[in-house]
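Student: Here is what each chain is made of, one letter per residue.
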Amino acid sequence: MALVAKDDTFIEVHKYRAGSVIGAAVMALFLQGFLPKYIPHAELLELPLLVTIYFSMGRRNAASGLLLGGAIGLVQDAVSHLPLGVYGIALTAVGYLATWIGYRIDSDLALSRFGVTFLLYDLERVVIALIRRFLLERPGPFLGRYWLMGSLATALLALVIFPQLDRLRKS
Amino acid sequence: MTVPPTRRPLLLFAAAIGVQLLLLAFQIRRDNNVRLIRVWAADAFTPIDSAGTTSIGWLGGLWHGYIYLLGTHAENQRLNARVGQLQLEVDQLRGQAAEASRLAALLDFRQSHPSLSLLGARVISANPAPSTRIVYIDRGKSSGVERDMGVITADGVVGKILEVYPGSAQVLLITDRESGVGALLAPTRTQGVAKGTGGPMLNLDYIATEKVQPGEVVLTSGLDQVFPTDLPVGKVLAMQPRSPFERIEVEPAAHLDRLEDVLVILNRPATPPTAAADPPNERHR
Chain A
14 MALVAKDDTF IEVHKYRAGS VIGAAVMALF LQGFLPKYIP HAELLELPLL VTIYFSMGRR
74 NAASGLLLGG AIGLVQDAVS HLPLGVYGIA LTAVGYLATW IGYRIDSDLA LSRFGVTFLL
134 YDLERVVIAL IRRFLLERPG PFLGRYWLMG SLATALLALV IFPQLDRLRK S
Chain B
2 MTVPPTRRPL LLFAAAIGVQ LLLLAFQIRR DNNVRLIRVW AADAFTPIDS AGTTSIGWLG
62 GLWHGYIYLL GTHAENQRLN ARVGQLQLEV DQLRGQAAEA SRLAALLDFR QSHPSLSLLG
122 ARVISANPAP STRIVYIDRG KSSGVERDMG VITADGVVGK ILEVYPGSAQ VLLITDRESG
182 VGALLAPTRT QGVAKGTGGP MLNLDYIATE KVQPGEVVLT SGLDQVFPTD LPVGKVLAMQ
242 PRSPFERIEV EPAAHLDRLE DVLVILNRPA TPPTAAADPP NERHR
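For the protein sequence lines, the chains are A and B, in the order given. Using my numbering, the first residue of the first sequence is number 14, and each one after it goes up by one. Using my numbering, the first residue of the second sequence is number 2, and each one after it goes up by one.
Among these hints, one or two may not hold up.
[Said to hold, decoys possible] Reference listing, derived: stretches of chain A covered by chain B, where coverage requires no fewer than 3 residues with Cβ under 8 Å from a Cβ of chain B:
hint	segment
1	71 to 84
2	100 to 113
[Stated by the list, open to error] Here are the computed distance ranges between Cβ atoms for each label pair:
hint	chain 1	residue 1	chain 2	residue 2	range
3	B	7	A	56	35 to 43 Å
4	B	35	A	53	40 to 48 Å
5	B	52	A	158	48 to 56 Å
6	B	43	A	151	18 to 26 Å
7	B	12	A	56	33 to 41 Å
8	A	44	B	41	34 to 42 Å
9	B	40	A	94	19 to 27 Å
10	B	67	A	153	55 to 63 Å
11	B	39	A	92	23 to 31 Å
12	B	39	A	118	42 to 50 Å
13	A	179	B	52	18 to 26 Å
[To be verified] Once the Cα atoms are required to be at most 25 Å apart in a straight line, the calculated SDA-like pairs of lysine to any residue come out as:
hint	chain 1	residue 1	chain 2	residue 2
14	A	28	B	241
15	A	28	B	11
16	A	28	B	13
17	A	28	B	8
18	A	28	B	9
19	A	28	B	7
The set of hints was computed from the structure by calculation and includes no laboratory data. Yeah, the Cβ is synthetic: ideal placement off N, Cα and C, and Gly gets one too.
Generate coordinates for the entire structure from the input sequences, incorporating the hints supplied.
Tutor: Quick look at the structure:
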């Protein structure tokens with residue numbers, strides 16, 4: 014852990030073991046495609062989103078956050094039926110905002126993690142819905158019950174996953 | 002330009018979003034299978050192109066409408082002078098074409114009358130006095146012209162030589178009051194005398210009790226010893242019964258009001274052997 018100056022205060026900047034970011038991202042992408050085959054409604058969960066939020070908030074570096082989100086999103090696009098850039102843009106925005114939020118709140122608190130994940134899940138969905146509507150001209154569901162269940166489930170999952178990812182931090 | 006460090010993440014974020022939007026636009030196809038990036042490019046550049054075209058058109062209009070017109074007055078004067086010159090050339094060419102046409106007609110006439118010895122002449126002045134019907138030609142004694150020789154065109158009889166000078170001659174037109182031509186009506190061969198009236202028409206005198214129809218052709222009879230027979234004199238225009246002779250108005254065949262090239266008959270024709278009685282004593286000059 015390191016401390017960086019921000020105005021007159023100092024904030025925590027976490028560092029992670031080598032390869033941990035890439036490994037977590039690959040695992041999330043794998044599970045995102047794998048779990049729905051065996052667990053009903055698992056497609057509601059957004060594991061790549063969780064990885065993006067966690068590392069962006071923990072590293073508190075806007076450039077690395079948005080690049081991580083963009084990279085994970087593009088891979089998610091590549092393995093989906095969507096054109097490259099749909100998830101890429103959404104997770105780029107998520108990574109950037111997660112970094113911005115990580116500067117301002119204590120990202121280790123469970124409530125913070127739940128709230129941030131809940132909000133950024135919705136942000137990701139809104140960005141994707143806008144892209145589908147205005148660029149792809151294939152409008153999808155917008156702010157439905159299913160959507161709300163997904164954001165709640167993913168936010169709850171964050172409370173489980175994030176402590177596990179904390180173990181990847183360098184002490 | 003230096004970007005403040007606090008702004009760098011935002012710029013990077015905007016760049017990442019922009020690149021991925023372009024990536025999306027490259028993949029998405031719209032109507033007619035056109036890539037979205039092309040649609041965007043067209044939408045982006047069309048106003049620029051339109052503005053550019055409008056600006057260039059405005060500048061072009063300014064140039065052609067104002068700046069370029071600075072030399073227009075001088076050019077206009079030059080072009081007007083050129084137009085005048087060309088108009089003159091056109092008129093000259095038209096005149097030459099008309100002259101060629103007249104000369105061709107005279108040549109045809111000459112070839113169709115091989116027995117006549119004809120001399121071409123050009124009318125150099127006309128009607129020196131309003132009360133007379135006289136013209137001058139550019140041929141005179143030196144060219145063999147003599148008094149009382151007949152003058153004709155391809156259209157018909159013009160008049161006869163009144164006075165002869167070394168290089169010119171005076172022609173008394175058949176429309177002069179003092180003029181008369183031995184004539185006959187073509188359909189009936191009835192003879193008379195075509196006399197000038199001082200106006201544009203002739204009177205065919207000494208035609209008695211004949212039913213003359215307007216439009217009948219009047220030819221020379223040859224009895225006046227000036228013109229050979231059967232040259233066109235004119236055609237009957239109108240007639241009025243009078244005693245003892247009818248008054249017959251004849252329109253001359255030759256265009257006496259616009260004579261330019263004429264033929265002078267150098268050899269006097271012989272009196273036709275079948276000629277009927279001479280017309281009454283009428284002075285033929």
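Student: Give me the numbers of the hints this structure contradicts, sorted from smallest to largest.
Tutor: 13, 14
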